[in-house]
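2 protein chains.
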Amino acid sequence: MNGQIANTAIQVTSDPARVAVIINKQNLTHEYISKSGEFAVSVLDESATMTFIGPFGFRSGREIDKLSKVQYKKGSTGSPLVTQHSLSVLEARVIDKVNLGTHTIFIGDVVNAEVLREGHPLTYRYYHEHLKGKTSKHAPTYNPAEQTEKARS
Amino acid sequence: MNGQIANTAIQVTSDPARVAVIINKQNLTHEYISKSGEFAVSVLDESATMTFIGPFGFRSGREIDKLSKVQYKKGSTGSPLVTQHSLSVLEARVIDKVNLGTHTIFIGDVVNAEVLREGHPLTYRYYHEHLKGKTSKHAPTYNPAEQTEKARS
Numbered sequence: 001m002n003g004q005i006a007n008t009a010i011q012v013t014s015d016p017a018r019v020a021v022i023i024n025k026q027n028l029t030h031e032y033i034s035k036s037g038e039f040a041v042s043v044l045d046e047s048a049t050m051t052f053i054g055p056f057g058f059r060s061g062r063e064i065d066k067l068s069k070v071q072y073k074k075g076s077t078g079s080p081l082v083t084q085h086s087l088s089v090l091e092a093r094v095i096d097k098v099n100l101g102t103h104t105i106f107i108g109d110v111v112n113a114e115v116l117r118e119g120h121p122l123t124y125r126y127y128h129e130h131l132k133g134k135t136s137k138h139a140p141t142y143n144p145a146e147q148t149e150k151a152r153s
Numbered sequence: 001m002n003g004q005i006a007n008t009a010i011q012v013t014s015d016p017a018r019v020a021v022i023i024n025k026q027n028l029t030h031e032y033i034s035k036s037g038e039f040a041v042s043v044l045d046e047s048a049t050m051t052f053i054g055p056f057g058f059r060s061g062r063e064i065d066k067l068s069k070v071q072y073k074k075g076s077t078g079s080p081l082v083t084q085h086s087l088s089v090l091e092a093r094v095i096d097k098v099n100l101g102t103h104t105i106f107i108g109d110v111v112n113a114e115v116l117r118e119g120h121p122l123t124y125r126y127y128h129e130h131l132k133g134k135t136s137k138h139a140p141t142y143n144p145a146e147q148t149e150k151a152r153s
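Each protein sequence line maps, in turn, to chains P and U.
The opening position of the first sequence corresponds to residue 1 in this note's numbering, with each subsequent residue numbered one higher.
The opening position of the second sequence corresponds to residue 1 in this note's numbering, with each subsequent residue numbered one higher.
Treat each hint with caution, since some may be false.
Claimed, not checked - The list that follows gives simulated cross-link-like pairs (lysine-lysine, DSBU-like), each with its CA atoms no further than 35 Å apart: (1) U:Lys-73 / P:Lys-74; (2) U:Lys-97 / P:Lys-35; (3) P:Lys-134 / U:Lys-35; (4) P:Lys-97 / U:Lys-74; (5) U:Lys-25 / U:Lys-137; (6) P:Lys-132 / P:Lys-69; (7) P:Lys-25 / U:Lys-97; (8) P:Lys-74 / P:Lys-35; (9) U:Lys-134 / U:Lys-35; (10) P:Lys-137 / U:Lys-69; (11) P:Lys-35 / P:Lys-137; (12) P:Lys-132 / P:Lys-25; (13) P:Lys-73 / U:Lys-74; (14) P:Lys-25 / P:Lys-73; (15) U:Lys-35 / P:Lys-132; (16) U:Lys-69 / U:Lys-97; (17) U:Lys-134 / P:Lys-97; (18) U:Lys-69 / P:Lys-97; (19) P:Lys-25 / U:Lys-35; (20) U:Lys-132 / U:Lys-25; (21) P:Lys-97 / P:Lys-35; (22) U:Lys-137 / U:Lys-73; (23) P:Lys-134 / U:Lys-132; (24) P:Lys-97 / U:Lys-35; (25) U:Lys-134 / P:Lys-134; (26) P:Lys-132 / U:Lys-134; (27) U:Lys-69 / U:Lys-134; (28) P:Lys-35 / P:Lys-73; (29) P:Lys-25 / U:Lys-25; (30) P:Lys-134 / U:Lys-97; (31) U:Lys-137 / U:Lys-69.
If you are wondering where the hints come from, they were derived from the structure by calculation, not from laboratory data.
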C-alpha cells in the first residue's frame with residue numbers, strides 16, 4: 001500500500017463512471033498501479049494542511065510509510081482509502097493506459113465510491129495561494145523556471 | 001472551424017508540453033479533431049458570461065456559427081483561438097487518443113501557446129456557484145439525477 005498527491009485525477013465519462021489519473025513513472029505508486037491494475041482516489045478538501053500533504057507530495061513510499069500517520073481504511077479492492085481531510089473516496093480498475101513519456105495516464109472503471117462529507121475540494125490554486133505549496137518535480141505541471149521564480153520572491 | 005466548452009482539458013506532462021482534452025463523440029468538434037489531428041484550447045476566465053458560454057456549451061456547430069459573435073484569431077495550425085474572456089490560448093497536435101465509450105481523450109503536443117492576460121481561470125465550481133450554470137448532457141461529468149435535483153431546487 002502507498003499513496004501520493006496527484007494534481008491530475010479527473011472524471012472522463014459518467015456512463016459508465018470512469019476516471020483517469022496521471023502518474024509519474026518514477027513514483028512507487030506507478031509501480032503499484034501497473035502491477036495491481038487498480039487504484040484509489042481520495043478527494044482532499046481545503047482543511048488539508050502542509051504537514052498532511054507534505055509526505056504524500058514530496059517523499060517516496062520507498063523511504064517512509066506514508067499511511068502510518070493518517071486515517072485510512074482498506075477498500076474493497078485492497079487499496080488504501082485516505083479518509084482524513086477527504087470529501088470522498090473511490091476505487092477503480094484500470095481498463096486502459098497511455099504512455100505519455102515521463103508519465104502514464106491510467107484510465108479506470110469506478111468499482112466503489114463513497115461521499116464522506118460535504119465541503120470544498122482542495123484545488124491546485126488553493127494549494128498555491130493559501131497553503132503556499134510548491135510543485136513537486138514529479139508533477140505533470142512541473143516547471144523548473146517557475147520554481148526558481150517562487151524561491152526568489 | 002468550430003468551438004465548444006470542455007470541462008476536461010488538462011496538462012499531462014511538462015517536458016514535452018503535452019495536454020489532453022476529453023470530447024463527446026457526438027460533438028462536431030470531435031469530428032474536426034479526428035480529421036485534422038489538431039485542436040486549440042482557450043482558457044476562459046471568470047469574466048465569461050452565460051451569454052458568451054451558452055452557445056459553446058449547449059448548441060451545436062452543425063446548427064449555428066459559434067464563432068460569428070466572439071473575438072478570435074486564427075492560430076498557426078489554422079484552429080480558431082478565442083481571445084475574448086480568455087487568459088491564454090494554445091494549439092496542439094494529436095499524438096494519441098483513447099476510446100472511452102461515449103467520449104474520446106485526445107492527447108496532443110503543444111505547438112503554440114500564448115498568455116493573453118493575468119487573471120483567474122473559470123472553474124467548473126465557479127461556473128456552477130456564480131453563473132448558476134448547468135451541465136451539458138454531452139459533458140464527461142453529466143449526471144441526469146443531479147440535473148433533476150437542480151431543476152427542482
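Checked hints:
Between Lys-73 of chain U and Lys-74 of chain P, the direct Cα distance comes to roughly 52 Å. Violation of the 35 Å bound is thereby established for this hinted pair. For the suggested pair Lys-97 of chain U and Lys-35 of chain P, the alpha carbons sit about 23 Å apart, so the restraint of at most 35 Å is met. A distance of roughly 39 Å separates the Cα atoms of Lys-134 of chain P and Lys-35 of chain U; the hinted pair therefore is violated under the 35 Å criterion. For the proposed pair Lys-97 of chain P and Lys-74 of chain U, the alpha carbon gap of about 33 Å is at most 35 Å, so the pair holds.
The straight-line distance between the Cα atoms of Lys-25 of chain U and Lys-137 of chain U is roughly 12 Å, inside the 35 Å bound, and the hint therefore holds. For the hint pairing Lys-132 of chain P with Lys-69 of chain P, the CA-to-CA distance comes to about 22 Å; that is within 35 Å, so the pair holds. Taking the CA atoms of Lys-25 of chain P and Lys-97 of chain U, the gap is about 20 Å. The hint holds against a cut of 35 Å. Proximity of Lys-74 of chain P to Lys-35 of chain P is assessed by CA-CA distance (about 18 Å); at most 35 Å being required, the pair is judged to hold.
Taking the CA atoms of Lys-134 of chain U and Lys-35 of chain U, the gap is near 30 Å; set against the 35 Å cutoff, the hint holds. For a cut-off of 35 Å, the pair hint linking Lys-137 of chain P to Lys-69 of chain U is broken: about 42 Å separates their Cα positions. For the suggested pair Lys-35 of chain P and Lys-137 of chain P, the alpha carbons sit about 24 Å apart, so the restraint of at most 35 Å is met. Proposed proximity of Lys-132 of chain P and Lys-25 of chain P is supported: the alpha carbons are some 26 Å apart, at most 35 Å.
A threshold of 35 Å between alpha carbons decides the hint, and for Lys-73 of chain P with Lys-74 of chain U the separation of about 52 Å lies outside it, so the pair is violated. Only pairs whose Cα atoms come within 35 Å are accepted, and Lys-25 of chain P paired with Lys-73 of chain P is accepted, the gap being roughly 26 Å. Between Lys-35 of chain U and Lys-132 of chain P the CA atoms are separated by roughly 43 Å; this puts the pair beyond 35 Å, and the hint is violated. A hinted pair counts as satisfied when its Cα atoms are at most 35 Å apart, and Lys-69 of chain U with Lys-97 of chain U qualifies at roughly 31 Å.
Proximity of Lys-134 of chain U to Lys-97 of chain P is assessed by CA-CA distance (about 31 Å); at most 35 Å being required, the pair is judged to hold. Taking the CA atoms of Lys-69 of chain U and Lys-97 of chain P, the gap is about 39 Å. The hint is violated against a cut of 35 Å. For the hint linking Lys-25 of chain P to Lys-35 of chain U, the alpha-carbon distance of about 31 Å falls within 35 Å, and the restraint holds. Between Lys-132 of chain U and Lys-25 of chain U the CA atoms are separated by roughly 26 Å; this keeps the pair inside 35 Å, and the hint holds.
Note on Lys-97 of chain P and Lys-35 of chain P: the hinted pairing holds, with a Cα-Cα distance of about 13 Å set against a maximum of 35 Å. At roughly 29 Å between alpha-carbon atoms, Lys-137 of chain U and Lys-73 of chain U fall within 35 Å of each other, so this suggested pair holds. Only pairs whose Cα atoms come within 35 Å are accepted, and Lys-134 of chain P paired with Lys-132 of chain U is accepted, the gap being roughly 32 Å. At roughly 23 Å between alpha-carbon atoms, Lys-97 of chain P and Lys-35 of chain U fall within 35 Å of each other, so this suggested pair holds.
Between Lys-134 of chain U and Lys-134 of chain P the CA atoms are separated by roughly 33 Å; this keeps the pair inside 35 Å, and the hint holds. With a C-alpha separation of about 32 Å, the suggested pairing of Lys-132 of chain P with Lys-134 of chain U holds against the 35 Å cut-off. At roughly 22 Å between alpha-carbon atoms, Lys-69 of chain U and Lys-134 of chain U fall within 35 Å of each other, so this suggested pair holds. At roughly 21 Å between alpha-carbon atoms, Lys-35 of chain P and Lys-73 of chain P fall within 35 Å of each other, so this suggested pair holds.
A distance of roughly 30 Å separates the Cα atoms of Lys-25 of chain P and Lys-25 of chain U; the hinted pair therefore holds under the 35 Å criterion. Taking the CA atoms of Lys-134 of chain P and Lys-97 of chain U, the gap is about 31 Å. The hint holds against a cut of 35 Å. Between Lys-137 of chain U and Lys-69 of chain U the CA atoms are separated by roughly 24 Å; this keeps the pair inside 35 Å, and the hint holds.
Against the hints set out earlier in the document, violations occur for numbers 1, 3, 10, 13, 15 and 18.
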